[in-house]
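Could you build the full structure based on these sequences and the hints that come with them?
Those protein sequences? They're chains A and B, same order as listed. Sequential numbering of the first sequence, starting at 802, is according to our numbering. Sequential numbering of the second sequence, starting at 751, is according to our numbering.
Derived by calculation from the structure, the hints in this document are not laboratory data.
Label-pair restraints from in silico Cβ distances:
(1) Gly829/A - Leu790/B: 29 to 39 Å
(2) Lys818/B - Asn818/A: 41 to 51 Å
(3) Thr808/A - Leu790/B: 11 to 21 Å
(4) Gly751/B - Glu885/A: 21 to 31 Å
(5) Val813/A - Glu789/B: 20 to 30 Å
Example chain B residues on the side facing chain A (calculated, C-beta under 8 Å, incomplete):
(6) Gly793
(7) Asp799
(8) Lys846
Chain A is nowhere near these chain B residues, computed Cβ spacing over 12 Å in every case:
(9) Gly766
(10) Val770
(11) Ile812
(12) Ser824
(13) Pro832
The structure presented is a predicted model; accordingly, all values stated were derived computationally and were not measured. We put the CB at the ideal spot given by N, CA and C, even for glycine.
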Amino acid sequence: DTEVTQTPKHLVMGMTNKKSLKCEQHMGHRAMYWYKQKAKKPPELMFVYSYEKLSINESVPSRFSPECPNSSLLNLHLHALQPEDSALYLCASSQGSQEYQPQHFGDGTRLSIL
Amino acid sequence: GENVEQHPSTLSVQEGDSAVIKCTYSDSASNYFPWYKQELGKGPQLIIDIRSNVGEKKDQRIAVTLNKTAKHFSLHITETQPEDSAVYFCAAAWGKLTFGTGTRLTIIP
Numbered sequence: 802d803t804e805v806t807q808t809p810k811h812l813v814m815g816m817t818n819k820k821s822l823k824c825e826q827h828m829g830h831r832a833m834y835w836y837k838q839k840a841k842k843p844p845e846l847m848f849v850y851s852y853e854k855l856s857i858n859e860s861v862p863s864r865f866s867p868e869c870p871n872s873s874l875l876n877l878h879l880h881a882l883q884p885e886d887s888a889l890y891l892c893a894s895s896q897g898s899q900e901y902q903p904q905h906f907g908d909g910t911r912l913s914i915l
Numbered sequence: 751g752e753n754v755e756q757h758p759s760t761l762s763v764q765e766g767d768s769a770v771i772k773c774t775y776s777d778s779a780s781n782y783f784p785w786y787k788q789e790l791g792k793g794p795q796l797i798i799d800i801r802s803n804v805g806e807k808k809d810q811r812i813a814v815t816l817n818k819t820a821k822h823f824s825l826h827i828t829e830t831q832p833e834d835s836a837v838y839f840c841a842a843a844w845g846k847l848t849f850g851t852g853t854r855l856t857i858i859p
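This is the structure we're talking about:
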């Protein structure tokens, strides 16, 4: 079992739907991340939150909207997604946002866009 | 930006033998090099990491070596077991993590 919990595990949505992915960690970590992983590819960074503030946005389309309500929670709000957005969405956390801090991943949400 | 190359893309090893996966990176400023294991349906799991001021690190059957001059680092798994079968990713960090393309390791019983 991982210490980073993601819900739901699977999500199927239409292109006009609005949904949210949730991530929770109770390790006292102050940096949290969203990654996107396509099949047979490595994870790609989307967003970084450090001390609940957005510090990195890797030029992600605005149909993905991150939110960090508190130091333990990270959400990813989805709206008007495209079929190519189907992927595994991974959340990670680390003690701080410095590059040498180990990142710990959840098991992801597998998203399918119809 | 950083670029990480990983080889081989697939590796099949007889149970009990050793497995070696190699990565090279482009940005000499990178100073942290983790290795992740990803099993089917799971997220990446950190298995070992090394920082730029260390040349080698070992944890039971797993070891990582780093050559900063040549900008390459390697994962060594000894006495392989069926549960070692997974996809392995190396990564290099300067500002953010950049992952290699992955190695699918299969342990043959």
